[in-house]
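Combine the two chains into a complex, taking the hints into account.
From first to last, the protein sequence lines are chains A and B.
Numbering-wise (our numbering), the first sequence opens with residue 3 and increments by one.
Numbering-wise (our numbering), the second sequence opens with residue 45 and increments by one.
Careful: at least some of the hints might be erroneous.
[As the list claims (entries may be wrong)] Covered by chain A, according to a simulated footprint, are these stretches of chain B (three or more residues, beta-carbon under 8 Å):
#1 104-115
#2 127-139
#3 144-158
[Unchecked claim] Just some of the chain B residues that point at chain A, by a computed CB distance under 7 Å:
#4 Ala67
#5 Asp68
#6 Val71
#7 Val174
#8 Tyr188
#9 Leu197
#10 Ala199
#11 Val202
#12 Val210
#13 Phe212
#14 Gln231
#15 Thr234
#16 Arg235
No lab work stands behind these hints: they were computed from the structure.
C-beta atoms are modelled at their ideal positions from N, C-alpha and C, and glycine is treated no differently.
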Amino acid sequence: MHRGKGMKFVGDSRVPVNRKPNIPKDYSEYPGKTEAFWPNFLLKEWLVGSVFLIGYLILTVAHPSPLERQADPTDTGYIPLPDWYFLFLYQLLKYEFASGPYNVIGAIIIPGLAFGALLLAPFLDKGPERRPFKRPLPTAFMLLALASMIFLTWESVVNHDWEAAKAQGEIREEAQFDTEAEGYKIYSEASCIGCHGNAFEGGLGPSLATTDKTAEEIMEIAKNGVGTMPAGTFKGTDEELKELATFIDELTP
Amino acid sequence: MLNKIYDWVDERLDITPIWRDIADHEVPEHVNPAHHFSAFVYCFGGLTFFITVIQILSGMFLTMYYTPDIENAWKSVYYLQNEVAFGEIVRGMHHWGASLVIVMIFLHTLRVFFTGSYKKPRELNWVVGVLILGVMLGLGFTGYLLPWDMKALFATKVGIEIAASVPFVGGAIKTLLAGDETILGAQTLTRFFAIHVFFLPAALLGLLAAHFIMIRKQGISGPL
Numbered sequence: 003m004h005r006g007k008g009m010k011f012v013g014d015s016r017v018p019v020n021r022k023p024n025i026p027k028d029y030s031e032y033p034g035k036t037e038a039f040w041p042n043f044l045l046k047e048w049l050v051g052s053v054f055l056i057g058y059l060i061l062t063v064a065h066p067s068p069l070e071r072q073a074d075p076t077d078t079g080y081i082p083l084p085d086w087y088f089l090f091l092y093q094l095l096k097y098e099f100a101s102g103p104y105n106v107i108g109a110i111i112i113p114g115l116a117f118g119a120l121l122l123a124p125f126l127d128k129g130p131e132r133r134p135f136k137r138p139l140p141t142a143f144m145l146l147a148l149a150s151m152i153f154l155t156w157e158s159v160v161n162h163d164w165e166a167a168k169a170q171g172e173i174r175e176e177a178q179f180d181t182e183a184e185g186y187k188i189y190s191e192a193s194c195i196g197c198h199g200n201a202f203e204g205g206l207g208p209s210l211a212t213t214d215k216t217a218e219e220i221m222e223i224a225k226n227g228v229g230t231m232p233a234g235t236f237k238g239t240d241e242e243l244k245e246l247a248t249f250i251d252e253l254t255p
Numbered sequence: 045m046l047n048k049i050y051d052w053v054d055e056r057l058d059i060t061p062i063w064r065d066i067a068d069h070e071v072p073e074h075v076n077p078a079h080h081f082s083a084f085v086y087c088f089g090g091l092t093f094f095i096t097v098i099q100i101l102s103g104m105f106l107t108m109y110y111t112p113d114i115e116n117a118w119k120s121v122y123y124l125q126n127e128v129a130f131g132e133i134v135r136g137m138h139h140w141g142a143s144l145v146i147v148m149i150f151l152h153t154l155r156v157f158f159t160g161s162y163k164k165p166r167e168l169n170w171v172v173g174v175l176i177l178g179v180m181l182g183l184g185f186t187g188y189l190l191p192w193d194m195k196a197l198f199a200t201k202v203g204i205e206i207a208a209s210v211p212f213v214g215g216a217i218k219t220l221l222a223g224d225e226t227i228l229g230a231q232t233l234t235r236f237f238a239i240h241v242f243f244l245p246a247a248l249l250g251l252l253a254a255h256f257i258m259i260r261k262q263g264i265s266g267p268l
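Isolated chain B, as found in the complex (with noise of 0.2 Å):
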């Protein structure tokens, strides 16, 4: 029955060559922890993979509840927390998968450092990485205030004062995050929200498409 419907959708759209492409790969003994326990370093970038994935999933269960505005935003995740079945599991996973894709993120750029992996011809896919790194610490900072507890405001204050003192454009950073030049408050919620939630994970998407895309190409560097 599965291999009907796979051989009519062939048949119609050729999805053989593009399957073969995506799943039809050479792993190398160097790179395979079951031939070489030291090999686990490999796995980081996967790791990291698979956390985003949960990020994304749990992060859309999250908007079936909050609020990004300044009466409700701490409400709503009060009673995510507290009330909805479940809330606590799915918002502490989103919470701890925060911390743990900046761990495993930081391994893997350590681990393609001290390889060497971004020497040529991989230069493009390092700078593609380190993007990604950067878009995962604006997911962090920007995540950080959208429960509107006490260390959101004041950890937010103090991260735009910074951004605020970049020479020449810091007031109009600021003023593109914050919503305001001096206030912070109901404009900046919604604009982290909105930074959060839309425009920082269509560049992280993009970077990865990028990223696998060069990997798959290139294929993975040669031992050592």
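With the rest of the complex left out, here is chain A (with noise of 0.2 Å):
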């Protein structure tokens, strides 16, 4: 490095003028087959890049993030379920020894101190060796960690309805209508209420709140019948599917 009297700067910066050349440095006398990071290493790391990149889109594009219905607050029948990872925690406040009156212990104390373990383990373990046999005490710590985890993360899989958990959040667009109204007297009397919902939510059925099908369009199917719908499926009277039609068209969710 030159220092001292006679260094020429650009301008009145502090920027020396004699550059520095822009070449790599020489790793030929590393141990072992050491490379350089750019370019040679990159080349490869962008390779494993792409292969995660593929994978993470094709997980991506075959399982659509999820959306359950709006949030109800008053829908206090819901069974509330954590994000995956957070399962095992959510787990262990289910054990009598870690819930009700020592729900503390299951909610802080035992999380509280694998967490403190984890953020403190080189203090913890300060002999030099690094092989995770010949550190016999963190390693079983860790495994022990591990399979409670996978433990937790399990019982919780296994203990849980997925199917009803997917039909409780599933998103229904309920009609808002009186119930007293002609149109509806009619609906929940012919069949069309088995299929399409008490509120025209759809079930079996499209949703009628929601269709954008004219009154006109509504007859037709109604009598004519479509996709796995049979023909002839409302058996009232010419005036009655008139008035039905009109009140389904009217409806808004």
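And the structure:
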């Protein structure tokens, strides 16, 4: 490094005039098959990254991210579940020694001790040995923690009713309407209600609350059927059908 | 042309040493999967960072549609998911990335633990790494509420009750997170949004910088 008198700078700045050559360091004297990060290793790293990204995108396209219906704080029957990586903590709170009066043990003390031990691992395990089998205690504690996390997650998954969980969160668009209306009386007395739901939200058949079909189209379908809906399901008179179709047409979710 | 631009900037700012410091460092044989396939375990940290970058980018695009208020939050997510071109993909990447980043950071933690790489002189880097893990879990917890659907609301209720059960300061933590002593509602959603989008990412970026500067300074731990 150049120091002392005779240094030249660019203008009045502190940047020296003499340029440093932009050439990679020479790693040939380093032990083993050491290589330069740039560009040799970075190219390989990009390959790993691309393969990973392809898998990631396939997952994204194959499984659209879930969205349940809008939060309704009055629905007290809803059974909550955290995201999968918190399931083990959630499961821990279901055991007698960690819930009710002992809640603080399951909610704070056990997770706190585990996280604290992880944070302070270098200060708890100070020996010079690095190989896992030469430091049996840290290795054993970590394996024990791993085993309990896997076990608790497993217990949580098998004890959860996933079918019911899916049903309780489903997006249902119920229509706003007057249950005393003539149209609704016809709807509930005919067989429509069985497949299209009590509030036109759909079931076996599609939702009528959100349909953008006109009254004429609805009358047409009720008479002649569509898709899996057979023809002639509506047994009433033409006047009743007209009343019903107009009613459905005017529904707003 | 590019060389001339580089030289022009270099003459004025002397960027070559900075650039060489960032790009030019050795990759020892024992961490290079091209030489020992089992060295793929050393990729987990890099992949964690890769997903983190994707999370930041996809999250930036999500905020172009998302509205953090209880009337419109769910509707904006529904619209994004069903109407916006590629909205389903962007939200899907953010959703699955949130899980993948936890998987990768967990595997990275295990790799560092079982190779004993946290030992002297790398204790501080381990502590910073565990703090990053904590921030990641915090991002997962706060992000879960934002779509404002059933599972979001009720899971957050449970989460906040757990936070409230901390002795002595539980009530204060609950009020800080939820914005109210009892209600979990509009205030909670804006708080979680702010924490998820500003506070935790700021902490994350600072910690990541510290993590990377330390590893560059100390070099990667030697072979076992």
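Against the structure, the hints come out as follows:
1. 104-115: Per the Cβ count (1), the hint is violated.
2. 127-139: n = 7 at 8 Å, threshold three: holds.
3. 144-158: Since three or more residues must qualify, the claim that chain A covers the segment 144-158 of chain B holds, with 6 doing so at under 8 Å.
4. Ala67: 4 Å, holds
5. Asp68: Hint on B/Asp68: holds, closest Cβ of chain A at ~6 Å, below 7 Å.
6. Val71: Since the shortest Cβ distance to chain A is 4 Å, the answer is holds.
7. Val174: Holds: closest Cβ of chain A sits about 5 Å from B/Val174, inside 7 Å.
8. Tyr188: 6 Å, holds
9. Leu197: 4 Å, holds
10. Ala199: 5 Å, holds
11. Val202: Result: holds, 5 Å to nearest chain A Cβ.
12. Val210: 6 Å, holds
13. Phe212: 11 Å, violated
14. Gln231: B/Gln231 check fails; min Cβ-Cβ to chain A is 13 Å, beyond 7 Å.
15. Thr234: Violated, about 14 Å.
16. Arg235: B/Arg235 check fails; min Cβ-Cβ to chain A is 15 Å, beyond 7 Å.
The structure is inconsistent with the numbered hints 1, 13, 14, 15, 16, although it conforms to all the rest.
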